[in-house]
Amino acid sequence: MRSLIDVVDLSTEELDGLCETAIDIARNPERYSDACRGKKLATLFFEPSTRTRMSFEAAMLELGGNVITMEDASSSSAAKGESVHDTARVVSCYADIMVLRHPKEGAAFVAAKSASVPVINAGDGGHCHPTQTLADLITIKREKGSFENLTIGICGDLKYGRTVHSLINAMSRYKGTKFILISPDELRIPDYVRKNVLEKLDIPYEEVSDLETAMPSLDVLYMTRIQRERFTDLDEYERLKDSYILTVDKLKTAKSDLAILHPLPRVNEISVKVDDDPRACYFKQALNGKLMRMALILKLLGSENYSEEPRVTLPGPACKNRACITGVEQELEFLYTEREEGGRKVRRCLYCEAETV
Amino acid sequence: MRSLIDVVDLSTEELDGLCETAIDIARNPERYSDACRGKKLATLFFEPSTRTRMSFEAAMLELGGNVITMEDASSSSAAKGESVHDTARVVSCYADIMVLRHPKEGAAFVAAKSASVPVINAGDGGHCHPTQTLADLITIKREKGSFENLTIGICGDLKYGRTVHSLINAMSRYKGTKFILISPDELRIPDYVRKNVLEKLDIPYEEVSDLETAMPSLDVLYMTRIQRERFTDLDEYERLKDSYILTVDKLKTAKSDLAILHPLPRVNEISVKVDDDPRACYFKQALNGKLMRMALILKLLGSENYSEEPRVTLPGPACKNRACITGVEQELEFLYTEREEGGRKVRRCLYCEAETV
Amino acid sequence: MRSLIDVVDLSTEELDGLCETAIDIARNPERYSDACRGKKLATLFFEPSTRTRMSFEAAMLELGGNVITMEDASSSSAAKGESVHDTARVVSCYADIMVLRHPKEGAAFVAAKSASVPVINAGDGGHCHPTQTLADLITIKREKGSFENLTIGICGDLKYGRTVHSLINAMSRYKGTKFILISPDELRIPDYVRKNVLEKLDIPYEEVSDLETAMPSLDVLYMTRIQRERFTDLDEYERLKDSYILTVDKLKTAKSDLAILHPLPRVNEISVKVDDDPRACYFKQALNGKLMRMALILKLLGSENYSEEPRVTLPGPACKNRACITGVEQELEFLYTEREEGGRKVRRCLYCEAETV
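Protein chains in written order, with the numbering used here: chain A, 4 to 360; chain B, 4 to 360; chain C, 4 to 360.
Worth flagging that the hints you see were computed from the coordinates, not collected in a lab.
Keep in mind that a hint or two might mislead.
Intra- or inter-copy, both count: the list cannot distinguish identical chains.
Said to hold, decoys possible - Below, in silico cross-link-like pairs of lysine-lysine (DSS-like), each with a Cα-Cα straight-line distance of 30 Å or less:
1) K181 <-> K203
2) K302 <-> K42
3) K42 <-> K287
4) K323 <-> K276
5) K302 <-> K287
6) K276 <-> K116
7) K253 <-> K116
8) K255 <-> K116
9) K287 <-> K116
10) K255 <-> K244
11) K181 <-> K244
12) K287 <-> K253
13) K203 <-> K178
14) K276 <-> K147
Taking the hints into account, I'd like the entire structure generated from these sequences.
Right, here's the structure in full:
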């Protein structure tokens, strides 16, 4: 039995397999309409994310399965102090697979260790949100035909956007990937992404502050939202914000087969008038997300005989990441893993993967 | 593909067709129990209305379909600032038909224009709530056998009650309809209903302030709630409220085949003791509402080839109705339609239908 | 048609029948997977209880039926002042059976009288929660093989725990039951349980304050949570709390076939390390609860021809129990039943069963 916590836990072959299944589902939906007959998916949302929840529920229903929902944490046993461990054990009695969204980093990992059914991470704080990345990847694949030799522009908030880091990570596996990272100075990608991914794997990238200059060379443009509250200097925000809004006008110099992506929800960072442009792929991305979730549910429900290689763990002091699940979950051992990263040994918390000791 | 925003968008023939289907469903439920197999209904409630939501969900399940639910706006992407347009586009990827309840007038119209699946308006602010009116109409039809030659008493708050205006509008189509409008002075029907419907179509009506005098002549009595907060003079409220409460006693002079309707929820405007009177139809109305929703879902899901005649629209200044969706939805053009009403040209907002320019 | 308000409304034969069905479901789930095809269960939670709600929903889905949910009272017609009576009447139009959780004592009884479909009480304030007790009982039965000749330790808050009182009541029916009641002085079982159940039926029991002394003799250990806020003296709480926490260490003197139960959610009253002990049955209990709910749904849906013997009722003054449904539900008659209890005539409120006149 297998769970999905992070998209990098999937091998390239597994990722390709998921894409193939998703595309086959899109072509032959009737072949899958009874695939999960009699199975139940539980969606456990300890913080709201209606879009993601509905996508998973639609996915399970289209596979012929059923759904039980916990839409809102405030009405849950968790409000009475129940641990993620207990929730996962109990919900294993009610459902065949569960989807967890939780504000604490590492929560999905704890659930996966405790549950007797597969767990899908639908976002654990700022840590991972693998099914969003799967939606991004399949959209690139379907629009561009291949993952190779693509120049990918990523625009907006590159500092805090977990989907951005995850996409960089995932696309860095493929031959010929080049990134153009478009952001204001305050919101450039964090050092650990630059060092541990781009430089380590020798991926060509440019950092620019201007969307219009970058536009002509892009095969893929991944837009994100710039949140006012991320700026220390609000004058700077006011001065900059319009330059990161995608308009019909700014698209004039773009390639005719550009694919424009956005994880949604959008606020105003893409003009509604762009929606009618055939290069706008962000609503297709929502559809693709559902297809990938269907493929993933099928894969995990069929993984009874899978057993994960146990990770070597070391006990240690309390994790210092304040968003880590270990800070709130009762009787959880503080455990660490050690690995080579950029030529040095790094010790990371087993749960939230923060380097805090 | 067709949506339902307002009950007056249905022709008399279509309305009769829905009633026939609903009655056939009541008689032969097994014939319909697989009619929507494999289809999904999304219920999107941006303000709570449990009764309406459950009625739609029960309807879809009895047709063999499935349901995905957004019970509460506060846990939605809308809370992150997502537009109705984007929500409708994305949910079109997850469901085959959607039901929308929204506080802003015109929201369902915006959703219908953006969605690629049919949209049913389950209430857009004070504007329309067509499936409540469908429940009212089928109840009159089933109880009285026909829509013709009925004297209809409407009692309570006739000023603010959107179901009241909608019922007057719909019943004014039929031969021999007569209204007795029973309300305190402060809560009489608005001028535009009197002029644009009753006087324009030459429908006989009386306005009275006393339920007991009106009672003997009524074929149908439609009760509504009088809300304390509607009164500017609370002494007036205290003096009047009991005279608009329906009791066993007040029913003594009523016809033996009177049909008592109420849109529910009731607070205390009908005594619980009236529930056992065979003339009390308000719980049947709830059942009928489900049947009409089933008929409507079937009709709309079967409307792939329907294409609406485009309305002639004119650009104009911002709509002045503060409850209009145009005040909050991003990049929505201000558009108007022009039509003859009571001998003069009237320009109305395309979205909320307010006459604001 | 029959409802379930209190576990004592079931005869010993009926209880045995439910256990048999539940065990057969566990063995042959495929035989039941279409048993409720086309039926709908409504879950109406006027206060949150995610665990109980999900258990019922999983149960109905595993029987092949469907579910409509009201997860949160704040988004319900009840918030507009609707009565339990009206809610029950209306939901009878939408569902074939309903589950009600409500903060007021007697609410489920009112719903059962008004509904035209069976009602299952999923907790009415401090009054009853029969399906929790059914989960407890079947777990004892499956673990111990029989209900007879068991020494049952109940540990923690015996004063306020409604599941504790219900369990004592139910197990007192069986031959050879002996209770060891383990609690701090402030939280001993109430006098009415001692007098009306234990002493009346001559059940052997001991009251002790120490878990460790009691341990060696127990066949079943039922743990509950001690809430800090129950103590008038917080120093006392601090002094005592650890002695009521079950640890691996305290289990050393226990029988090898002890069954450890807990109604869940747990906070910290059982160490997580105990979970791996084969004697820990509290997660099995969650599974068993689902099975018993399946058996109960089947039983009640098959009870069309059941008609309850009407209780003799007497009108009386307002019930003085401030948690009673009669205090908030409109136009509800104050009614009482009279019965022999411990040699004297006792008059109890028909709804909440409090002895208040």
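>> Going through the numbered hints above, which ones does this structure break? Give me the numbers in ascending order.
In response: none
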